[in-house]
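Number of protein chains: 2
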Amino acid sequence: MKIVFIGAGNLATNLCIALKNSGCSIIQIYSRTKKSAKILAKHTKSDFTNSVEDIKIDADIYIISVSDKAMVSTLNKLKFSPSLLVHTSGSTDMKILKKYTSNFGVIYPLQTLNKNKIINLKNVPICIEGCNKNIEEILEEIAKRISDNVQIYTSAQRAKIHLAAVFASNFTNHMYAIANGILQSEKINFAILKSLIEETKNNAFLIGPVAAQTGPANRNDKIIMNKQKEMLSENPLIEKIYSFVSKSIAESNIHKK
Amino acid sequence: MKIVFIGAGNLATNLCIALKNSGCSIIQIYSRTKKSAKILAKHTKSDFTNSVEDIKIDADIYIISVSDKAMVSTLNKLKFSPSLLVHTSGSTDMKILKKYTSNFGVIYPLQTLNKNKIINLKNVPICIEGCNKNIEEILEEIAKRISDNVQIYTSAQRAKIHLAAVFASNFTNHMYAIANGILQSEKINFAILKSLIEETKNNAFLIGPVAAQTGPANRNDKIIMNKQKEMLSENPLIEKIYSFVSKSIAESNIHKK
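These protein sequence lines map, in sequence, to chains A and B. Letter by letter, the first sequence follows residues 13 to 269 of the numbering used here. Letter by letter, the second sequence follows residues 13 to 269 of the numbering used here.
Because the hints were derived from the structure by calculation, they are not lab data. Misleading hints may appear alongside valid ones.
Each pair may be met inside one copy or between any two copies, as identical chains are not told apart.
[Said to hold, decoys possible] Below, computed lysine to aspartate or glutamate pairings styled on EDC-like, alpha-carbon distance capped at 16 angstroms: (1) Lys206 / Asp160; (2) Lys239 / Asp80; (3) Lys81 / Asp233; (4) Lys239 / Asp105; (5) Lys134 / Glu210; (6) Lys234 / Asp80; (7) Lys129 / Glu210; (8) Lys134 / Glu153; (9) Lys14 / Glu153.
Just so you know, these numbers come straight off a predicted model, no measurement behind them.
Modelling step: build the complete structure from the supplied sequences, incorporating the hints.
And the structure:
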């Protein structure tokens, strides 16, 4: 299985290294930035290029892992029709690849990934989609080399999964960042929240996040909520987040009862 | 050490049982609701009452763990001055207790607690405050019976810690709840997010939540953000949360670079 990677960012780097480690042959890395291409190529003992024209034509599969905007402009520059073309985006419809080849699909690892921290994907759900049954089977086989949790979803379902992931990971992490900022103003270490954050996560999976909700908004404690909004008055954007999230918790609570 | 608990809610129940298990003698539980008082009393082999007039006068310490609103109205009905009076609220100033006795303080466990899930408090930070050095030492001694992580903070610091906890726990949990709702619309199980949520938490403590941020808002991917806002258009409140949190992530990003 000869693979060309188009892209060398956070997701590309983790996926490429996992595939290499599973025995795939990464024959080339393309990236707009020569330096990024070179670094990932070194990791995976492959060639590299920063020119679309120099992308090798004899790979079995081309995995494009770049931003949506870059995806179309990069593929438009391609001088040949790839044997099998796969993107890795949660929110991009598989059909975007249709005009470049008749064999296409998606491999989307549901994880927050960083090129500076290569992680094992064994327990990471990998969502796949193929333009037909045959391609789906090929992609399933590839994904199973690196993960024990491969699932088939349509583009519409994957878009919902990505949106859920933005709330559960990106937005959750930003809640941590706001908490960290509040603690820093008193020179208190973020680590004080460790057991609280751990327990919050455990409870959400144990009894479900709606049932697990606690706090001032959940018990409609207006005295505390007004005090806390007052404490945020110097940062209107964070105060707005406080108000809207509290309101949304109260609304969920109505449905719960 | 004879203790009376005023309140039998989520926090009171967990704290009361932890103190009982550490060898303290819980002599009475008061709660407005007889049933709640009775349940906690049974757990801790103590008496119970739902009448403020019947609260025993001979305890060494009175721990009041009720909502802010209920706290003042309950204490106003007390017919005697407690030997030592302690509240358990993150956001309530210690001084609120001053008019009821000359010995007062705060024991605030930094954890999300549920009366239906009694947890070990050993690793839970317990924030204490005393009206003087002597009381502080007494409260420290009590808190150390149940936790290895006892820390002394002022009321102003504790209010900041509580505000940080609202973001890191209550609001984070609501992000999980929103994600869960999105997945349910496609009949996908919340468990698909488990490894993502785990990794998000780990990265936040490993490199700090600001450095750990990923996702569409962090890379200013307007195409994806517009698609995702469109998907939320049927729920204006959640769409607003999406917009404001994304904006706040983008602002943090400016400071980072």
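Results for each hint:
Within a single copy, Lys206 and Asp160 get their C-alpha atoms only as close as 29 angstroms, which misses the 16 angstroms cut-off; across copies the closest is 14 angstroms, which meets it. In the homo-oligomer, the alpha carbons of Lys239 and Asp80 lie at most 16 angstroms apart only across protomers (12 angstroms), although the nearest pairing inside one protomer, at 43 angstroms, exceeds that limit. Taking identical chains as interchangeable, the C-alpha atoms of Lys81 and Asp233 lie at most 16 angstroms apart only when they sit on different chains, with a minimum of 8 angstroms there against 45 angstroms within one chain. For the identical chains of this complex, Lys239 and Asp105 are inter-copy neighbours only, at 11 angstroms across copies versus 45 angstroms inside a copy, given an alpha-carbon limit of 16 angstroms.
Taking the closest pair of Cα atoms, Lys134 and Glu210 come within 16 angstroms of each other only across two copies (14 angstroms); inside a single copy the shortest separation is 22 angstroms, beyond that limit. Proximity of Lys234 to Asp80 under the C-alpha cut-off of 16 angstroms is restricted to the inter-copy arrangement: shortest distance 10 angstroms between copies versus 43 angstroms within a copy. For the homomeric pair Lys129 and Glu210, the shortest alpha-carbon distance between copies (15 angstroms) is at most 16 angstroms, but the shortest distance inside one copy (21 angstroms) is not. For the homomeric pair Lys134 and Glu153, the shortest alpha-carbon distance inside one copy (14 angstroms) is at most 16 angstroms, but the shortest distance between copies (46 angstroms) is not.
In this assembly of identical chains, Lys14 and Glu153 lie within 16 angstroms of each other by CA distance solely inside one copy; the values are 14 angstroms within and 65 angstroms between copies.
Comparing the model with each numbered hint stated earlier shows that all of them hold.
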